[in-house]
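*Asks:* The chain contents come next:
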Amino acid sequence: MPPMNNGRGMKGPGGRFAKGPRVENPGKVLKRLVGFLMKNYGIQMVIVGICIIIGVFANVRGTLFLKTLIDGYIKPLLGTTNPDFAPLARAIMEVAIVYLVGVVSTLAYSKIMIYVAQGTLRNMRNEMFAHMEKLPIKYFDTHSHGDVMSTYTNDIDTLRQMISQSMPQLLSSAITIVSVFVSMLTLSIPLTVITVAMVGIMLYCTKTLSGKSGSYFMAQQRDIANVNGYIEEMMEGQKVVKVFCHEEESIAKFKELNDQLFDGAYNANKFANILMPVNAQIGNISYVLCAVVGGILALGGSSTLTVGALASFLTFNKSFSQPINQVSMQLNSIIMALAGAERIFKLLDEKVEVDDGYVTLVNAKEEDGKLTETAERTEHWAWKHIHQADDSVEYVPLTGDVRFNGVDFGYSDEKIVLHDIQLFAKPGQKIAFVGSTGAGKTTITNLINRFYDIQDGKIRYDGININKICKDDLRRSLGIVLQDTHLFTNTVMENIRYGRLDATDEEVIAAAKRANADKFIRRLPDGYQTVLTGDGGNLSQGQRQLLAIARAAVADPPVLILDEATSSIDTRTEKIVQQGMDNLMKGRTTFVIAHRLSTVKNSDCIVVLEQGRILEKGTHDELLALKGRYYQLYTGNSISA
Amino acid sequence: MIKTLSKYVKEFKTDSIITPLFMLLEVFMETIVPLMMASVIDNGVNKGDINHIYKMGIFMVIAAGVGLFAGIMGGKYGARASAGFARNLRSGMYENIQKFSFANIDRFSTAGLVTRMTTDVTNLQNAYQMILRMCFRAPASLICALGAAFFINAKIASIYLLAVVFLGGCIVIIVKKAMHYFREVFEKYDDLNASVQENIAGIRVVKAFVREDYETDKFHKASSNIYKMFVKAENTVVWNMPLMQFTVYACILGISWLGANMIVVGSLETGALMSLLTYCMNILMSLMMLSMVFVMLTMSTASAERITEVLNEKPSLTNPENPDFQIPDGSIQFENVSFRYNATSEEPTLSHVDLSIKAGETIGILGGTGSAKTSLVNLISRLYDVTEGTVKVGGKDVRNYDLETLRNEVAVVLQKNVLFSGTILDNLRWGDKDATLEDCKRVCRLACADEFIDRKPDGYETHIEQGGSNVSGGQKQRLCIARALLKKPKILILDDSTSAVDTATDAKIRQAFAEEIPETTKLIIAQRVSSIQNADHIIVMDNGTVNGFGTHEELLENNEIYKDVYESQNSGSGDFDENGGIE
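Read top to bottom, the protein sequences are chains P and Y.
1 is the number of the first residue of the first sequence in my numbering; add one for each residue after it.
642 is the number of the first residue of the second sequence in my numbering; add one for each residue after it.
Derived by calculation from the structure, the hints in this document are not laboratory data.
If you're wondering where the values come from, they're calculated on a predicted model, not measured in any experiment.
Please note that the accuracy of each hint is not assured.
Derived contacts from chain Y toward chain P, CB cut-off under 10 Å, selection only [as the list claims (entries may be wrong)]:
| hint | residue |
| --- | --- |
| 1 | Met642 |
| 2 | Ile643 |
| 3 | Leu646 |
| 4 | Ser732 |
| 5 | Phe749 |
| 6 | Arg845 |
| 7 | Phe887 |
| 8 | Ala901 |
| 9 | Thr919 |
| 10 | Gly1009 |
| 11 | Ser1012 |
| 12 | Asn1058 |
| 13 | Pro1098 |
| 14 | Tyr1101 |
Interface residues of chain Y toward chain P, partial, derived using beta-carbon atoms under 10 Å [said to hold, decoys possible]:
| hint | residue |
| --- | --- |
| 15 | Val650 |
| 16 | Ala795 |
| 17 | Arg1086 |
For glycine and all other residues, C-beta sits at the position ideal for the given N, C-alpha and C.
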């Protein structure tokens, strides 16, 4: 995937109206969001509020000055032979000071808001990430990666807009509306009525027009989805298109969809574009009406409306409809931001992986026939078992003895996928799992490292119930090479070092050699310093697997789990890798999942699984003699593998 | 860049010209309203002429009406022009991509092309609309208001000129500084999100190696870094609002003072003063607008660059000038062929390959990961061009043939194969769009795909999901083979195309090939020795060179690699299940 580009800067044309965002409990979300803000930036928020109020008042005070200017200074001076401008100069100085205070407070709150908004987003992101790392694997199984990702990109982005723009604007708009409304009332009631009526019409037009464009935006959104879907599919298969000389057909179909999108986009944007001039001209008409009516009123002299008051009023007329328009524009983005915040909070509320384990893994060394703990790496490990009853400490040597006792497991309680698994791996043994896709091979290995917790039965590791072992230490004791290799954006060197962060460069290279990855790494443009991007997209599947094996090799774990770790490596290379791994794993327990005969043949025990149950168990020769399922698979006469 | 892009406006030229014209009309109407306003006060209210007030009122309503009309029209044509521009860009890119060679496609990556055609086009569509509607409107509004102000009173209007220069200067400095910071910060921001994405995708690795804290630390550092950069960037633009306010306020005060003085001595009227104040807002607002437009346009230049790159990309493989449309037979020769994907890479992918294959032969190709098996066969149908030497098909250099003819006669079943959404029949007919149902059934029988198709309730009308996600790996491979067979090619290349098919079916397919299409030259790349041991000849590839060429028996005698592989897979089938194959 390239860096995500959506959701920042410019929104797609459908952004504003496209999806009707729905917030389940806007009040609650808003309260929590404000709480989040206040927790770290309470004082700042109060100062921001005060500054906004000062800014608005300075502005209103300035507009009212127009009336004083005309009625109080210009009119009396008109016709005087020797006008004295000193009082006017004083008045202007006074207003200048008010204005200056306004400008300074605007600058102050804008500056503070930067720290508040960015700081809050940073805290939120950090909290989200730290929390996400602690979530159980189950969460990632049940939530699409795209959805989780969009919490970080789209939701955080809408939130940024809301905190840094919408919230201060909303506050200042609200204060402006109220204070301008009050000021208008003091100037002229009939003109205020006209202004409010026109704003009503404006809001009505906004509602009708955005309703109309809303349905077009839906259509546009559908067309965009169609075009994007087609582009994605065809780009994915572009090489096949070339091989089959299918270019013209592919263009024809694209043109059809593209034309549809043009129609949709045209209509949707047309209505959105019309909204602005309509509102602007309604505002103008409101201005004109007030001018004419105000002019007549001022002329008639029946009311107290002076020319100065009219001048002030007309300015207010403009500054009244503006914030109302702004609020109605912001409303949608606020709802969207709240919907985003709700998703963020939902992520933060997900239950994290629980770990009640208290048995820890330590480096051990033998002194006088007694096992003791040591800080250095000794290639020997022990479980440190603190007995809760009497606080006594016991060291149990890590040998890699894993036993399953009547284990049942299901991803949900209703659907059990593993039934009564009875299994033991003696220290140093190589245990292989075979069986068709979906038989439960990978699931079993995921239970040993407690990616998932079992429903029934017991798993013991060196005689200790794995529930008692601290999860981190349990996983540290198991090296796992997964079916899907994941590489991080970093150098090859660092990707291998991921297995053990304190490994030296020499150790990393040694591990790569053991995994037979050294040869191809050296042929990369910058060797070990080659930066991998996009999950190592430029490497072949086989090369990626070699790197994953090197990563496990550098971790040098007491127990190793290989889940189809060599499936994409050719058999000859696999043989070499196998030798390296066999050397590494000498005396250590290994669990292997593979569909290739060569990978599993020399195992101490081969476990044949089918539909979550163990069908057969034994060595290669034993199972062949049994002439059962394994024999069928092995001889290739499988019926429905 | 602009030259390339402007070519794609095409039939929307009229709309693109009309739109700014309407915007200008709207601006003009907007400018004259305050002028008439001044007249209401000065000639109506102050002189007691109520009819004049009515007259001006009607004029102003008409002006608003015309403005409304112009605004709506501008909005309409602007939408049409920009949507049309986006449409043309999309099809322009799409059509050019269809001309791309494999090397071109490799250069861009699938995801890269998708973003360019989706997000980037949307960005440009918005930018184009902005240019048409705002780029003319804002300066025009500035000039009109300034002109009107000068018309009313040149002395006071010169204050505006001063204000425009001051504010304009400040904005330029701010924007210039901010752009630099923002570009940097957005780049880092994308990196941050990319690392989150990696963490989500690789969560099992993170957890398996107990790296949660390590990753969280790493993320916190990156996120603090982003915070610092954002704060720095925002701190430059934060001056915009207060500066604007400052200028507006200064203008108001200056005008109030000067205006009051002038009114008192009789060289200015009250109404005129009011409209001057209105223009003050118009002028400075349009200046602000202009700076915003500028920022957004520069932000979209990155998208524009990415799009132009695709539009200007020249296909690295082209049809010869006088192409040969006849391929005599399915023989293949490699004469001292060397090949590298990238001119700068140190070691060539293939070096000095010499091979001769007779028409109708079955050839097995075996070799380790990265030994260049795929690269070798890709040269035959000219998916890539050789760097040195010649590849001949039917005795002639492949570079002399018409590309379409060549690719129809040399059918490749790619390793990373794709089915498209549509029915099974639709997919098969990629091979030959006029194929009858009978033809399709025949090739499916050959590829042993008939058995599972017949078992589906909808048979050949079964709908295939995007990417073929609703058929198993083995079924997909067999459908892809059938699709290639429909071309009735002279040469058929299977690039590890039966890896997910169980051994028995694999053997059946090979047998069908031998019996039903004996005259077709068949090249089979495989991991399993059993898939190729009965071939006429076997090529053993190692490290970009041909390590061995001969029959199964010969190679067992004299080829170390072959012997090794054979022994590691000896007896039995080698595979346990049909679905666990190689993706």
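*Asks:* Hint by hint, say whether it matches the structure.
*Replies:* Now for the hints, and whether the structure bears them out:
1. Met642: violated (18 Å)
2. Ile643: violated (19 Å)
3. Leu646: violated (17 Å)
4. Ser732: The hint holds - Y/Ser732 has a Cβ within 10 Å of chain P, the shortest such distance being about 5 Å.
5. Phe749: Given a least distance of 9 Å, the restraint on Y/Phe749 holds.
6. Arg845: Interface hint status for Y/Arg845: holds (6 Å vs cutoff 10 Å).
7. Phe887: At 5 Å from the nearest chain P Cβ, Y/Phe887 passes the 10 Å test, so the hint holds.
8. Ala901: holds (5 Å)
9. Thr919: holds (8 Å)
10. Gly1009: This hint holds: Y/Gly1009 lies near chain P, its Cβ roughly 5 Å from the closest one there, short of 10 Å.
11. Ser1012: holds (8 Å)
12. Asn1058: holds (7 Å)
13. Pro1098: violated (19 Å)
14. Tyr1101: violated (19 Å)
15. Val650: Because about 14 Å separates Y/Val650 from the closest Cβ in chain P, which is outside the 10 Å limit, the hint is violated.
16. Ala795: Violated, because the Cβ-Cβ distance from Y/Ala795 to chain P comes to roughly 21 Å (cut-off 10 Å).
17. Arg1086: Hint violated; Y/Arg1086 Cβ to chain P Cβ min 21 Å, cut 10 Å.
When each numbered hint is compared with the structure, violations occur for hints 1, 2, 3, 13, 14, 15, 16, 17.
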